[in-house]
Every structure is written in C-alpha cells, then in structure tokens.
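Student: Spelled out from the first residue to the last, the chains are:
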Amino acid sequence: MLKIRNLESGYGKIKAIKHVSMHVETGEIVTIIGANGAGKTTLLATIAGLVKATSGEILFGGENLCALSAERIPFLGCVMVPEGRQVFATMSVEENLILGAHVLHKEGKQVVEGLLERQYTLFPVLRERKGQLAGTLSGGEQQMLAMGRALMSRPRMVMMDEPSTGLAPLIVKEIFQIIVRLRDEGNTVLLVEQNAKAALAIADRGYVLETGKVIVQGPAADLLGNQDVQRAYLGREKID
Amino acid sequence: MTTELFVQYLFAGITYGSIYAIVAIGFNIIYNTTGIINFAQGEFVMLGGMIAISLLPLLPLPLAIAAAVGLTMIIGALIEMIFIRWLKSPSVLRMIIITIGISILTREAAVHIWGENIRALPYFVGNEISTIGILGARISPQVLWVVGVCGVMVAILHLFFQTSSVGREMRACAANRMAAILCGINPRNMVTLSFVLSAGMGALAGCVMSPITYSQYDMGTGLAIKGFTVAILGGLGNSGGAVVAGLLLGAIEAFSVSVVPLAFKDAISIAILLVILFVRPHGIFGSGEAARLKAF
Chain C
3 MLKIRNLESG YGKIKAIKHV SMHVETGEIV TIIGANGAGK TTLLATIAGL VKATSGEILF
63 GGENLCALSA ERIPFLGCVM VPEGRQVFAT MSVEENLILG AHVLHKEGKQ VVEGLLERQY
123 TLFPVLRERK GQLAGTLSGG EQQMLAMGRA LMSRPRMVMM DEPSTGLAPL IVKEIFQIIV
183 RLRDEGNTVL LVEQNAKAAL AIADRGYVLE TGKVIVQGPA ADLLGNQDVQ RAYLGREKID
Chain S
4 MTTELFVQYL FAGITYGSIY AIVAIGFNII YNTTGIINFA QGEFVMLGGM IAISLLPLLP
64 LPLAIAAAVG LTMIIGALIE MIFIRWLKSP SVLRMIIITI GISILTREAA VHIWGENIRA
124 LPYFVGNEIS TIGILGARIS PQVLWVVGVC GVMVAILHLF FQTSSVGREM RACAANRMAA
184 ILCGINPRNM VTLSFVLSAG MGALAGCVMS PITYSQYDMG TGLAIKGFTV AILGGLGNSG
244 GAVVAGLLLG AIEAFSVSVV PLAFKDAISI AILLVILFVR PHGIFGSGEA ARLKAF
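Taken in sequence, the protein lines are chains C and S.
Numbering-wise, the first sequence is residues 3 to 242 according to our numbering.
Numbering-wise, the second sequence is residues 4 to 299 according to our numbering.
Derived from the structure by calculation, the hints contain no laboratory data.
Idealized CB from N, CA, C, for every residue including glycine.
Incorrect hints may have been included.
Stated by the list, open to error - Taking beta-carbon pairs under 10 Å as the criterion, some of the chain S residues facing chain C (in silico): (1) Arg171; (2) Glu172; (3) Arg174; (4) Ala175; (5) Ala177; (6) Ala178; (7) Asn179; (8) Ala182; (9) Ile184; (10) Leu185; (11) Gly187; (12) Ile188; (13) Asn189; (14) Pro190; (15) Lys268.
This is chain C alone, in the form it adopts within the complex (with noise of 0.2 Å):
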C-alpha cells in the first residue's frame, strides 16, 4: 500500500530523514521507533506532505505523494491523526467529526451519518459528549476524537503519531486496543511511537529509526527480542 524509497527530507538544511525506505502492506499494523528526534514525526510529516521531501519518493497504492500538497493527501485515502492530536478546540466534537468527512462532501449526508454512527460506537464516549467543545474534553477523550476524525475519512492507511503522549497508562491500553480493534477489521495502520514496548506488542512489524536512519526492521516480536533494540529502547540493560 505504502512504498518509500530512499526519502531525504527535512527543514532547510537539516536532513532529518536521510535515505530511508520502507514498506506498508494492506492490513498491518507497522511502529516506527526510536529515540527523540530521531525523525519519527518528520517523516510522518512527509508522508502526509507538510514537509517536503527533498529526494526519494512516496508511493501510496501507485501515486507518488511528493508530487502532492498537503490537502489533496486526504482524498487518496492516506490521512494523519497528528502528534498532540490537534482538535479543532474551539469547535464541538461532532463538528469536528463532520470535518474529518470533509474528503467525501461528495457523497452526500447519509455517508456522513453512517460514518459518525460507527465512530460513536467505537468511541461512546465521543457520543456523549458531541455537543461539547473539543477543547473542554480530556487528554483521552481528545485523542479518541483526532482518532475519530481521521476515520471519517474512510482512509485506506491511518498514520498515527505517538497516540500515547501525556495519557495516563490506562487510557494509553485503551487506545491501543483500540489500534488492534482497528487493524482486525481490516485497516492498515503505520504508528509512531515512543513507547517501544507498547507499540511493538501490538504491531506486525517495525522499523527502528536513528538520528534519521532505519537502523533495524523486521517483524515485532524479532525487534522485541532483539538485544540491540533491547539496550536502546526498551529499557533493559541486562538479558538473562
């Protein structure tokens, strides 16, 4: 579905991604991983064309993205669910729902409908609150609503940047059940995350990015075992 080869981008100078290529198929949840600043959010950024690559392209089911802007991204059915989830704040919950259809305002209000039916009943808490401003809802709840929003889209790929930050661990074990729950009913997730061991527990496969370099790739339970991964990112110095 998703095919990346030998992507540089950056900001101005700063090669934040360098020479990076990867793969996602239809249906699997893939991680990317790896320390801060090691390019994770720059390179979901690129792929969604808020930054410009500067070699290398992005193919997603055979266009090449790069030759996109930002807004047209959406349409082909590959959409963002950004870091610090970025609701619309001062718009009511519904709303922002109804904005996350806006790729299929050709279809008419009965789509919209049925999408928003099937975002309240994976998220009930969305439908409690779908009067009430973006702003006013909790960390939690405002994750699930970004996530919401993007599945509105219907896309075909959802990118998911560190869905975990600043949760309490609870919510952060909802959400991810929330990602397989996705995933089993057919949508293909690729996930950005800081937290290795959650991320890796539920994905299919992973790459490990380093000061803007995959470093290791594989599937989630050989990243898991891996002892370098181990060291680095997941926080155990000694392997019995």
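Dock chain S against chain C, hints included.
Tutor: Chain S only, in chain C's frame:
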C-alpha cells in the same frame, strides 16, 4: 438632555456604530483565517460606494449596488491572489505591511479614477429632508436602511459560519490550520474566500451609508482606524463583540458631541484605541488566555 435629543444622538450613534461594526467584522473574518489585520478593509467600503455611484447612470439603484458589491468582491479576491496567496509562510508583520501597501495603492487608484470630489448615492427612500418621527426625534429613513442592512448582514454571516459546511471549514482553518489541511481542506481557498466575504460586506456597507456620510476616495483610512478600534475593543476575532463594541463606540462619539466640540470626535476613538491597547489589549469581551494563544 431632552428625550428627543437623546433619541437623536442615539440613532446617530447606532448608524455610525453599525458601520464600524461591519468594518470590524471584516477585519475579524480575515484575521480569523490568516492571523493578520487587513488594513485595506476601509478601502472595500470606499470602493463599494464609489463603484455604485459610477454605475448609477447605467443601472437602477438596486442593480448598481449589487454590481458594486460583486465587483468589490472580485477585487477582494484579486488582491488576495496577487499579493497574499503566493507568499510562502510569510511573517505576520510582512503581511500587515503588504495590506497597508494595498490600501495606499487602492486609494491612489481611486483618486485617479474618481478624483477628489465628494460624491453620494441618492437616498434609497425619499430624500435628504424626509424624516420619520421616533419619540419626538426626526430620523432619516436612510438611517433605518443602514441599521437594517447591517443587522441582516451580521445575522446572515452568523448563519453562514454556524450552519453551512463552507462556513464550518473556514472556522476549522481559523481554529487549527494544520488540522484543517490534514482533513483535506485547502486553507488558501479559505483565505481567498475570507477576502471575498469581507470585501462584499464592506462594499454593501459603503453603499448604504453613502447617502448620509458621502463617499470620497480617502474615506477608507478613517473607517479602518475606527473599525480597528472596534475590533480590538470587542476582542480580535470575536464578531459578536464587534457588534456591541461598534454600537458602543458609535454612541460614545455621538453623545460626545454634546460635551466636547465636534472636531474632537475622531480624537475620542483614537484615545479609546490607545487606552484599550495599553490596558486591555484582548478587548472587553476577549479572554486574556485566548489572546495569548493568537500569533498576533
């Protein structure tokens, strides 16, 4: 002060106040989508009035006004597309300087086209001396036109932003530009649309006020300062606040005439602007927290 005089001043205040409110809402619409103050806002009011006056020999009054509003909207769109749209992540200061440039440019163009003569549209109903008696005061019917048209404009605008999907998308761009892009909304189109909307509102206000206040090539600057005062007073970006603040400033100006000489009328609004900027820069109705979140 007698009741008649009070009502007389009050209506003068409401008339000017609703014009100020419209200019301030024009500021707010563009501010909300771009984060900049468009100092050419007063020029839209001038263009509306002047174009309608020029079209009057060719078209009946309602059509001339409609055409003037339409043309000013096109000019608003062109201004945005030529001067603003192609800028890549410009700083707020740079964009503000650009709008001041646009304002000077428009004014100079206007003086070449229309000269320095003071012009006016005819009264919509009756003439200069026709009046309606309200509580003993004599009010020109045009005053009711100004207040009515401004009121309807505010109501329609409110409905547009709250219920239409395009209005919702514009609010989304204002609330969180990046998130709007991630939803597939093109913020550049929303910025163009905000210029078109404010140009149209300004132009219509310029037409209805023209019979009372007259139109001249340089009327935009004064209106922009008054409108800016009102926008700040009501809390930048807050259109409900702009209506209240506009009426308030209009009333203060009108009643001040009974206390200080008429020549000080403009000085009063400048003084209010300075005091507000020093003491309460987020306005009477704006919250301090929201003001800190804004980039301006």
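Student: State the violated hints by number, sorted upward, taking the hints as numbered earlier in the document.
Tutor: 15
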